[in-house]
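Colleague: One letter stands for each residue in the lines below.
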Amino acid sequence: MLNGNELPMKTDVSHIRKLLEAVLDPEVPALSISDLGILRDVKENPEGFEIIITPTFTGCPAMKTIEENINDVLHENGITDFKITTVLSPAWTTDWMTEEGKVKLKAYGIAPPTWSTEQHLKAMLEGKKEKVECPFCNSSNTKLTSPFGSTACKALHYCDNCHQPFEEFKCH
Amino acid sequence: MTKQEALFEYCLRLGDTSLILGQRVSEWCGHAPILEEDIAMSNISLDLIGQARIILTYAGEVEGKGRTEDDLAYLRDARQFRNLLLVEQPNGDFAMTMARHFLVSVYNFHLYNLLSKSSDATISAFAAKSLKEIAYHVRHSSDWVIRLGDGTAESRTKMQTALNDLWYYTDDMFQADEVDALLFKEGIAAEMNDVRKLWHQTVSDTVKKSGLELPVANNALRMGSRDGNHTEYLGYILAEMQFLPRAYPDAKW
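Which chain is which? The protein sequence lines are A and B, in order.
Position one of the first sequence corresponds to residue 1 (my numbering), numbered consecutively onward.
Position one of the second sequence corresponds to residue 1 (my numbering), numbered consecutively onward.
If you're looking for bench data, these hints aren't it; they were derived computationally from the structure.
Do not take every clue at face value.
Below, a sample of chain A positions facing chain B; criterion: calculated Cβ distance under 8 Å [said to hold, decoys possible]:
1. 48
2. 52
3. 84
4. 89
5. 144
6. 146
7. 149
On a predicted model such as this, the values are computed, not experimentally measured, just so you know.
Even for Gly, the Cβ is constructed at its ideal location relative to N, Cα and C.
Between the sequences and the hints, there should be enough to build the whole structure, so can you do that?
Modeller: This is the structure in structure tokens:
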């Protein structure tokens, strides 16, 4: 029920984008879903708004939480005429991570992806292992401990310079 | 057979292979030889189950009878499953698990690479997306084939035994039937002879690097996954995987 103090606010795509900047990745809370490239588009259709998202990894368990958080943020701001669509194509890639996102990630203590997806895939198939820069001391004297880490999107490394284990956001 | 029936069948083959392998790999959770491998196994399993969810959801849509990914995963019996015989084989020791993962990941890598150009938009999106995850699985399992093959006498024996034992199920991966033929004509499916050639090349290269011998198959190889003729192991996997949704059909959590 509406009263004089709760007039429905006129909203638009850029307002929704702005609101969604508050939706963080639950597993890497230093980054928003826009920084990560999970938020693909916001459209205004005749029947309402459409929020288009894409999963990082197919089995990423954070996707459901991300959807719930989008729902919460928009509802809290009085926006209800929207739907969330998940798309698979084009496949998500770390190439979409914003420069700002990479800076935030490093400051959070996770090495950002350094190579482009294409360079990475080629190197991987040739059996080469990338040298990842330590996010704490910037040394390249590091080694890969395991290509699989605490979440699907991260690998484990060890820095032989500052003797600190660290995580890397995998090139994907 | 209509195109729709063939596509449903094709999706089950892709989805069931990922699902059953994911279930098998998840059995290592809490039991892997080192912590990093325990984490790796759970990650790999998650990738595979994520892939299975996408393609089984699509299978349900193609079939058009309202079956969901859960209906297909939990409410079919062994004869209706279309996963490769290789992926249902027991984990055995760590070498056996890694050898199995290596053989099937190289297969999936080449298959998905071809399917990423499929004329079916969902199949090509699924393949392009999954390919990036599978590339990590190929590297990880190849590393272990080389490390164990090129390791101690004991590790070498275990890896060679694993490859020899699993080789028996590799022919099953490439058996093309009318489903493949019909969908290949439509530009949807991959040509299995191409997959076989690419697979053989990659597998031979890695086995050579590891110092192991490529198994020679003199006996008749076991086939039948395309028709739902499985080995004895699938029923036990399903008994565990399907227990909860069958015992408590409307359970929510």
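Colleague: It remains to establish, for every hint, whether it holds in the given structure.
Modeller: Hint-by-hint comparison with the structure:
no.	hint	verdict
1	48	violated (23 Å)
2	52	violated (14 Å)
3	84	violated (16 Å)
4	89	holds (3 Å)
5	144	violated (10 Å)
6	146	holds (4 Å)
7	149	holds (7 Å)
When the structure is compared with the earlier hints, violations turn up for hints 1, 2, 3, 5 and for no others.
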